[in-house]
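There are 2 protein chains.
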Amino acid sequence: MWRVGRSSDAREKLLGAACELMRARGYGAIGVAEICERAGVRKGSFYYFFESKQALTVEALRHAWEEESAAWRAVLGGGGHPFRRLEALLRAQVKAQYDSKRDVGVVRGCLYGNLVLEVGGNDEAVHACLAEIFDQQVAMVHNVLHEAHAEGMLPTDRATRAHARAVLAQLEGMVLFAKLDNDPQLLDTLWEHVEGVLALN
Amino acid sequence: MWRVGRSSDAREKLLGAACELMRARGYGAIGVAEICERAGVRKGSFYYFFESKQALTVEALRHAWEEESAAWRAVLGGGGHPFRRLEALLRAQVKAQYDSKRDVGVVRGCLYGNLVLEVGGNDEAVHACLAEIFDQQVAMVHNVLHEAHAEGMLPTDRATRAHARAVLAQLEGMVLFAKLDNDPQLLDTLWEHVEGVLALN
Numbered sequence: 110m111w112r113v114g115r116s117s118d119a120r121e122k123l124l125g126a127a128c129e130l131m132r133a134r135g136y137g138a139i140g141v142a143e144i145c146e147r148a149g150v151r152k153g154s155f156y157y158f159f160e161s162k163q164a165l166t167v168e169a170l171r172h173a174w175e176e177e178s179a180a181w182r183a184v185l186g187g188g189g190h191p192f193r194r195l196e197a198l199l200r201a202q203v204k205a206q207y208d209s210k211r212d213v214g215v216v217r218g219c220l221y222g223n224l225v226l227e228v229g230g231n232d233e234a235v236h237a238c239l240a241e242i243f244d245q246q247v248a249m250v251h252n253v254l255h256e257a258h259a260e261g262m263l264p265t266d267r268a269t270r271a272h273a274r275a276v277l278a279q280l281e282g283m284v285l286f287a288k289l290d291n292d293p294q295l296l297d298t299l300w301e302h303v304e305g306v307l308a309l310n
Numbered sequence: 110m111w112r113v114g115r116s117s118d119a120r121e122k123l124l125g126a127a128c129e130l131m132r133a134r135g136y137g138a139i140g141v142a143e144i145c146e147r148a149g150v151r152k153g154s155f156y157y158f159f160e161s162k163q164a165l166t167v168e169a170l171r172h173a174w175e176e177e178s179a180a181w182r183a184v185l186g187g188g189g190h191p192f193r194r195l196e197a198l199l200r201a202q203v204k205a206q207y208d209s210k211r212d213v214g215v216v217r218g219c220l221y222g223n224l225v226l227e228v229g230g231n232d233e234a235v236h237a238c239l240a241e242i243f244d245q246q247v248a249m250v251h252n253v254l255h256e257a258h259a260e261g262m263l264p265t266d267r268a269t270r271a272h273a274r275a276v277l278a279q280l281e282g283m284v285l286f287a288k289l290d291n292d293p294q295l296l297d298t299l300w301e302h303v304e305g306v307l308a309l310n
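Residue numbers (this note's numbering), protein chains in the order written: chain A, 110 to 310; chain B, 110 to 310.
Keep in mind that the hints were calculated from the coordinates and are not lab data. Predicted, not measured: the structure shown is a model, and the values here were computed from it. Mixed in with the good hints, there may be bad ones.
Any copy, or any two copies together, can satisfy a pair, since identical chains are not distinguished.
Stated by the list, open to error - Here are the simulated lysine to any residue pairs, SDA-like style, with alpha carbons at most 20 Å apart:
#: 1; residue 1: 210; residue 2: 177
#: 2; residue 1: 162; residue 2: 184
#: 3; residue 1: 210; residue 2: 230
#: 4; residue 1: 122; residue 2: 143
#: 5; residue 1: 204; residue 2: 194
#: 6; residue 1: 210; residue 2: 236
#: 7; residue 1: 162; residue 2: 232
Based on the sequences and whatever the hints tell you, model everything.
Next comes the structure, spelled out in structure tokens:
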């Protein structure tokens with residue numbers, strides 16, 4: 110029993126360390142040795158849990174998104190005006206960048222967006238995992254637009270998947286600029302721009 | 110004279126090879142040996158021209174943006190309606206992703222945006238170079254918005270630097286999704302969304 114407890118603890122530590130390092134420095138720049146050191150786990154143990162850095166990365170991304178998507182669902186699935194829920198979701202993303210700047214001095218941006226642009230199609234397993242995560246994000250936002258449409262607040266031709274994607278594109282693009290300038294304040298106008306994308310203003 | 114000619118040719122080849130490899134696979138995943146092999150230049154020669162991969166990267170990015178910014182200026186500085194010029198600029202970016210898909214089978218995305226998200230603040234010289242490039246892009250778009258305002262086609266509060274950045278954020282974000290899905294068609298609605306950001310619709 111003790112061994113099992115200890116093992117699963119090491120696995121969690123490896124997942125957490127991988128996420129933390131990827132948020133700071135991306136995928137290519139980090140190696141198994143560094144992940145193990147950060148996690149305080151011996152390299153031999155690493156390969157007991159994961160076949161490769163790639164396998165760990167996919168697990169770590171799933172793990173991160175599982176937690177994060179629960180928060181997305183809580184915000185988007187709550188009561189109240191659909192647009193207020195969408196606004197709350199986006200403001201939470203902005204707050205995360207303010208928190209990152211305050212806590213580590215750096216606007217780290219979006220873990221998934223960072224990896225899309227770094228990894229591209231060069232790593233099939235990581236890429237497929239990212240595609241699945243963004244697919245869920247688009248579906249969640251699309252769902253809110255659909256609700257807004259059902260309540261008569263958004264015409265059919267703007268309650269589309271393309272518009273949901275465009276909302277998230279504005280978020281990802283603005284986060285890119287905030288990361289570039291290491292300035293979360295650039296995100297203060299995000300909701301205003303998203304209102305524009307949905308032609309709410 | 111022959112040596113000089115040959116040398117500067119090798120330098121150009123190294124710059125071109127670095128750009129090409131970075132477009133395909135980013136910054137971290139490529140090394141000096143691979144750049145030299147691609148350029149057909151001996152590794153000893155590399156260090157005659159460049160101190161490091163970092164130094165070459167900065168030069169290569171400047172080189173790429175010098176060419177590209179000339180095209181931006183030509184499109185944005187032409188005559189006609191300011192919004193039609195902005196639309197033409199964005200359509201040229203979309204076309205570049207269609208061309209990439211046709212020529213190499215892959216939507217490669219934006220070289221500069223890719224590197225922002227990959228490199229972040231971890232490489233100061235590359236980061237400063239990217240910041241300068243995006244600064245110029247924002248200034249160019251801001252200038253068009255300013256012209257539109259001067260011609261009475263855009264109110265003051267939408268002819269701002271923040272709006273220029275939001276236009277480019279929409280482009281970068283949509284390109285990220287097109288890269289993720291390896292599908293340039295996702296960009297077909299880009300101009301429509303940008304009209305939304307500027308509240309033109």
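Structure-based check of all given hints:
no.: 1; hint: 210 x 177; result: within (19 Å within a copy, 32 Å between copies)
no.: 2; hint: 162 x 184; result: neither (33 Å within a copy, 45 Å between copies)
no.: 3; hint: 210 x 230; result: between (30 Å within a copy, 12 Å between copies)
no.: 4; hint: 122 x 143; result: within (13 Å within a copy, 35 Å between copies)
no.: 5; hint: 204 x 194; result: within (15 Å within a copy, 35 Å between copies)
no.: 6; hint: 210 x 236; result: between (27 Å within a copy, 17 Å between copies)
no.: 7; hint: 162 x 232; result: within (11 Å within a copy, 23 Å between copies)
Violated hint for the displayed structure: number 2, the only one.
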